[in-house]
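Participant: In case you want the letters, here they are:
There are 2 protein chains.
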Amino acid sequence: MYKIIKRDGNAKRAEFQTVHGTIQTPVFMNVATVAAIKGGVSTEDLEGIGTQVVLSNTYHLHLRPGDDLIYRMGGLHRFMSCNRPILTDSGGFQVFSLAKTRKIREEGVYFHSHIDGHKLFMGPEESMRIQSHLGSTIAMAFDECPSANAEHDYVKMSVDRTTRWLKRCQDEMKRLNSIEYTVNRSQLLFGINQGAIFDDIRIEHAKRISDMDLDGYAVGGLAVGESHEEMYHVLEEVVPYLPLEKPTYLMGVGTPANILEAVERGVDFFDCVYPSRNGRHGHLYTNRGHINIMNARYEMDDVPIEEGCQCPACRRYSKAYIRHLLKAGEMLGMRLCVLHNLYFYNHMMEEIRRAIEDGKFASYKRSKLDSMQEFDNNTSAEYRAIDKNWRKG
Amino acid sequence: MYKIIKRDGNAKRAEFQTVHGTIQTPVFMNVATVAAIKGGVSTEDLEGIGTQVVLSNTYHLHLRPGDDLIYRMGGLHRFMSCNRPILTDSGGFQVFSLAKTRKIREEGVYFHSHIDGHKLFMGPEESMRIQSHLGSTIAMAFDECPSANAEHDYVKMSVDRTTRWLKRCQDEMKRLNSIEYTVNRSQLLFGINQGAIFDDIRIEHAKRISDMDLDGYAVGGLAVGESHEEMYHVLEEVVPYLPLEKPTYLMGVGTPANILEAVERGVDFFDCVYPSRNGRHGHLYTNRGHINIMNARYEMDDVPIEEGCQCPACRRYSKAYIRHLLKAGEMLGMRLCVLHNLYFYNHMMEEIRRAIEDGKFASYKRSKLDSMQEFDNNTSAEYRAIDKNWRKG
Numbered sequence: 001m002y003k004i005i006k007r008d009g010n011a012k013r014a015e016f017q018t019v020h021g022t023i024q025t026p027v028f029m030n031v032a033t034v035a036a037i038k039g040g041v042s043t044e045d046l047e048g049i050g051t052q053v054v055l056s057n058t059y060h061l062h063l064r065p066g067d068d069l070i071y072r073m074g075g076l077h078r079f080m081s082c083n084r085p086i087l088t089d090s091g092g093f094q095v096f097s098l099a100k101t102r103k104i105r106e107e108g109v110y111f112h113s114h115i116d117g118h119k120l121f122m123g124p125e126e127s128m129r130i131q132s133h134l135g136s137t138i139a140m141a142f143d144e145c146p147s148a149n150a151e152h153d154y155v156k157m158s159v160d161r162t163t164r165w166l167k168r169c170q171d172e173m174k175r176l177n178s179i180e181y182t183v184n185r186s187q188l189l190f191g192i193n194q195g196a197i198f199d200d201i202r203i204e205h206a207k208r209i210s211d212m213d214l215d216g217y218a219v220g221g222l223a224v225g226e227s228h229e230e231m232y233h234v235l236e237e238v239v240p241y242l243p244l245e246k247p248t249y250l251m252g253v254g255t256p257a258n259i260l261e262a263v264e265r266g267v268d269f270f271d272c273v274y275p276s277r278n279g280r281h282g283h284l285y286t287n288r289g290h291i292n293i294m295n296a297r298y299e300m301d302d303v304p305i306e307e308g309c310q311c312p313a314c315r316r317y318s319k320a321y322i323r324h325l326l327k328a329g330e331m332l333g334m335r336l337c338v339l340h341n342l343y344f345y346n347h348m349m350e351e352i353r354r355a356i357e358d359g360k361f362a363s364y365k366r367s368k369l370d371s372m373q374e375f376d377n378n379t380s381a382e383y384r385a386i387d388k389n390w391r392k393g
Numbered sequence: 001m002y003k004i005i006k007r008d009g010n011a012k013r014a015e016f017q018t019v020h021g022t023i024q025t026p027v028f029m030n031v032a033t034v035a036a037i038k039g040g041v042s043t044e045d046l047e048g049i050g051t052q053v054v055l056s057n058t059y060h061l062h063l064r065p066g067d068d069l070i071y072r073m074g075g076l077h078r079f080m081s082c083n084r085p086i087l088t089d090s091g092g093f094q095v096f097s098l099a100k101t102r103k104i105r106e107e108g109v110y111f112h113s114h115i116d117g118h119k120l121f122m123g124p125e126e127s128m129r130i131q132s133h134l135g136s137t138i139a140m141a142f143d144e145c146p147s148a149n150a151e152h153d154y155v156k157m158s159v160d161r162t163t164r165w166l167k168r169c170q171d172e173m174k175r176l177n178s179i180e181y182t183v184n185r186s187q188l189l190f191g192i193n194q195g196a197i198f199d200d201i202r203i204e205h206a207k208r209i210s211d212m213d214l215d216g217y218a219v220g221g222l223a224v225g226e227s228h229e230e231m232y233h234v235l236e237e238v239v240p241y242l243p244l245e246k247p248t249y250l251m252g253v254g255t256p257a258n259i260l261e262a263v264e265r266g267v268d269f270f271d272c273v274y275p276s277r278n279g280r281h282g283h284l285y286t287n288r289g290h291i292n293i294m295n296a297r298y299e300m301d302d303v304p305i306e307e308g309c310q311c312p313a314c315r316r317y318s319k320a321y322i323r324h325l326l327k328a329g330e331m332l333g334m335r336l337c338v339l340h341n342l343y344f345y346n347h348m349m350e351e352i353r354r355a356i357e358d359g360k361f362a363s364y365k366r367s368k369l370d371s372m373q374e375f376d377n378n379t380s381a382e383y384r385a386i387d388k389n390w391r392k393g
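Heads up: the protein sequence lines correspond to chains A and B, in order.
For the first sequence, position 160 (counting from the first letter as 1) is numbered 160 according to my numbering, and the numbering increases by one without interruption.
For the second sequence, position 30 (counting from the first letter as 1) is numbered 30 according to my numbering, and the numbering increases by one without interruption.
Treat the hints as calculated values from the structure; they're not laboratory data.
Just to be clear, a hint being listed does not mean it is correct.
Pairs involving identical chains hold if they fit within one copy or between any two copies, as the list cannot separate such chains.
Claimed, not checked - Cross-link-like lysine to aspartate or glutamate pairs, in silico, EDC-like; alpha carbons within 20 Å at most:
| # | residue 1 | residue 2 |
| --- | --- | --- |
| 1 | LYS3 | GLU107 |
| 2 | LYS3 | ASP358 |
| 3 | LYS167 | ASP211 |
| 4 | LYS368 | ASP8 |
| 5 | LYS327 | ASP116 |
The shape of chain A in the complex, shown without the other chains (with noise of 0.2 Å):
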């Protein structure tokens, strides 16, 4: 079902197939949290701006509307009216960063809802349940983020409670599937390597869930607190540990910079709420660099916020008019910001598949990252507020 078209380097051009269509890769996964896009994006929008695959989270949708009555609704896809691939994560990560005075034990979490502050738990079968319920295509296992600060020995405990968490995943998917009244029983199971920045664990970690035949295999624990260069070197160390034959999805990265860097390491699946969320302040994609609409420079702008793009913003309405509407607070002004940044990754994702398709990846990347250099609008006190925002997921 997983099957690489090219490679260029260690750069890879893959296809998946799945129950829900197939995915080309690279890919740039649109982050749905509580199944919308925020800023008013319809699934019809994601339709118009190249998107392949929803992401979804499991923890907020567990709590509101609860995975129970989208269950009663048909399961994710129909409850959204999505006919895409959509991929939910394990609830693991927000159980971690979100909840309140959480407890881990050997059986799974205790947490407060960070809603209501309610009592909950959640442990490997409660995520492969709640994401059976939702009936994604792709859920991914319940483990546990360490932070990257942590100690080694604490590191090695908890890897391997993850990988005993991930055989309890496996089991408990299985049985799931097998159950007729389950809405989606092709639903495929991503384990998730972890291991903080250090070499041994992540390696040792990586061989050890790679015997296990899962569907794909995520790299977690990054772009949380680490510099760049550690995650790119993570990368490189554990990604040859990883099966060549199955997809490889670095989870909650990140600005076009880190993607390039990934997919020439042999990353193929990619999420990150940055597109949107800078979206929704005015921080812009462009090929010459961010711009932060905001600007008093683009007051009386007439041009599109990138000339030639053809994002439902750049194809119709000027810098000016988007401007307008943000100092307005209009919604429409987020939406369109939303939409152009989130066809400025998908776009770019189509870039890079032809780049290595046509064997010619290395340099694509080079000018790519070059020419996002140049834009002389850029301010350093700019880039640092984008950088902010995507720090905190």
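Using the hints, position chain B against chain A.
Facilitator: For chain B alone, coordinates are given in the frame of chain A:
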């Protein structure tokens, strides 16, 4: 340029040709206060919900982003990428209702901006110049809108001044349309009948302005606190004195029932913030009455807001999904509700036009009103909430 196709009782089915396209009347104009419909609705969206005419607010655009900026961007049509007729109000109503510490003089109105408090002046010539900058299809005359409780003497004095202002508007519009650099040199001007609820003042004013050969005539100063019955009475008294061969516009009105009653009395243009504002709060129109989608009974409701409705919300999404989006604070929820409500209004106008063409308006009106009263989910509290919103403007 205004041609009656069919009359059915006093109801008129007409075509109004403008430089931006032909308007089929009776028509409901969709309100885009600051050059965008609130709720993340784009120009493309408007095209998908049967919008014929957009209404934008002169006062708001004058303050932000400034009519000067919009003029430099090529006018409102180009600025908001809209190729349909746009009507702009005069700014008068907002000067009287929103602005602080206003002083009315023969020359115009002195007031303070409701945004930053700075001193401003607007008179007939200023209003025409701003609307000429915007380049709307139809400009409205600058008038005073006396409150429903104003005394006879005050209203008489005010309406006399409004008539003098109308002459100044007409002269200034003629001058502006003769200038080579004017955005839309075919800009039309509608006069506005005032007189609160005093028949004698209303009728005398209607006669006087009818002699002035304007492009259309509005009835203003209604839906500002008087009862529905008083409103209908004013229409019955006044409309017969307005030229039959010109369009008649009832400003700021109203509920579906108001519109049906007014069409029966010869009105063919309408506008109201009611559908978009109620939509943003999850109050939705259906052919069986209002529903409040936040109501718990819709939590697991797997069918659209209205079955068979061809709006972008009903074609694709269930009540359960839209309710979830609103509860989660997702903008998409608001956007879908606004699209549904505007479609409902635009579609009702289409039904009205067909009914008049078929000579069946009276029976159409009766069955429409009956069906909307049938709806068993309406609570009078919901009705009151909606009506209160409507009163606010």
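Participant: Against the earlier hints, flag every one the structure doesn't satisfy and list their numbers going up.
Facilitator: The structure conflicts with hint 1 only, although it agrees with all the remaining ones.
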